[in-house]
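Just so you know, the protein sequences line up as chains S and B, in that order.
The first sequence begins at 1 in the working numbering and counts up by one.
The second sequence begins at 1 in the working numbering and counts up by one.
Read the hints as simulated data drawn from the structure, not as lab findings.
These figures come from a predicted structure and were not determined experimentally.
Glycine included, each C-beta is placed from N, C-alpha and C at the ideal position.
Watch out, some of these pointers could steer you wrong.
To be verified - Below are the DSS-like pairs computed for lysine-lysine, each with C-alpha atoms no more than 27 Å apart in a straight line:
1) 57/B to 41/S
2) 56/S to 99/S
3) 17/S to 9/B
4) 68/S to 3/S
5) 3/S to 57/B
Said to hold, decoys possible - DEER-style ranges, computed between Cβ atoms:
6) 12/B to 12/S: 19 to 27 Å
7) 109/S to 51/B: 36 to 44 Å
8) 58/S to 79/B: 21 to 29 Å
9) 9/B to 15/S: 30 to 38 Å
10) 61/B to 104/S: 26 to 34 Å
Stated by the list, open to error - If you only want the chain B side, here are some residues facing chain S, beta carbon under 7 Å, derived:
11) 42
12) 45
13) 52
14) 60
15) 62
16) 84
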Amino acid sequence: ELKVEQNPLFLSMQEGKNYTIYCNYSTTSDRLYWYRQDPGKSLESLFVLLSNGAVKQEGRLMASLDTKARLSTLHITAAVHDLSATYFCAVDRLTSYDKVIFGPGTSLSVIP
Amino acid sequence: DSGVTQTPKHLITATGQRVTLRCSPRSGDLSVYWYQQSLDQGLQFLIQYYNGEERAKGNILERFSAQQFPDLHSELNLSSLELGDSALYFCASSPIGTSSYEQYFGPGTRLTVT
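Next up, chain S with everything else stripped away, as it sits in the complex (with noise of 0.2 Å):
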């Protein structure tokens, strides 16, 4: 069964720091996924990783994917009080029915 972590699961850093927040899951995925979340919101679309040591970023966000460590990571630069959200991982494979498992997010609170 496919399971995903993260960790930290709370955050709570200061502007300006940097910091990584960890995605592993159990299994072979053939994609990954990062997600944000504001209070109250839908989900916002981050990075789509494919293949292993993908690396995307976007503003102060970088997101990288290790297939054979089972492990992501999205990598916070200088952290704005902006980035503050919940931010999720997910995974799935490419079985004859695609599944997608959340991890349980981390929430994220940069203070001024």
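Could you slot chain B onto chain S? The hints should help.
For chain B alone, coordinates are given in the frame of chain S:
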């Protein structure tokens, strides 16, 4: 605005009742996914449709069913509702059958079962 619409935004109903949630995907997207988000279970994938056909099934209860119509909108039917079904229900759409591409999420329907 993702281009995915969901109605209604809020729904309050009693245990034992049946409700229907509606989703209209982005123009041109053939695939629709349904998700449930609750404090207890987190985000869970329920079911996926592609061009009218069921494509994948996740943790969807037997009391729940869905369909995708020829105009590609989708409905999620929840019956014999229980208190534990209270949650935020999202639909998402993507251009093709597999989830190789990012999914665009609708604003969600908040269901409260009393």
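Against the structure, the hints come out as follows:
| no. | hint | verdict |
| --- | --- | --- |
| 1 | 57/B to 41/S | 25 Å, holds |
| 2 | 56/S to 99/S | 23 Å, holds |
| 3 | 17/S to 9/B | 37 Å, violated |
| 4 | 68/S to 3/S | 16 Å, holds |
| 5 | 3/S to 57/B | 16 Å, holds |
| 6 | 12/B to 12/S: 19 to 27 Å | 34 Å, violated |
| 7 | 109/S to 51/B: 36 to 44 Å | 42 Å, holds |
| 8 | 58/S to 79/B: 21 to 29 Å | 41 Å, violated |
| 9 | 9/B to 15/S: 30 to 38 Å | 33 Å, holds |
| 10 | 61/B to 104/S: 26 to 34 Å | 21 Å, violated |
| 11 | 42 | 5 Å, holds |
| 12 | 45 | 5 Å, holds |
| 13 | 52 | 16 Å, violated |
| 14 | 60 | 11 Å, violated |
| 15 | 62 | 17 Å, violated |
| 16 | 84 | 18 Å, violated |
Hint compliance for this structure: hints 3, 6, 8, 10, 13, 14, 15, 16 are broken, all remaining hints hold.
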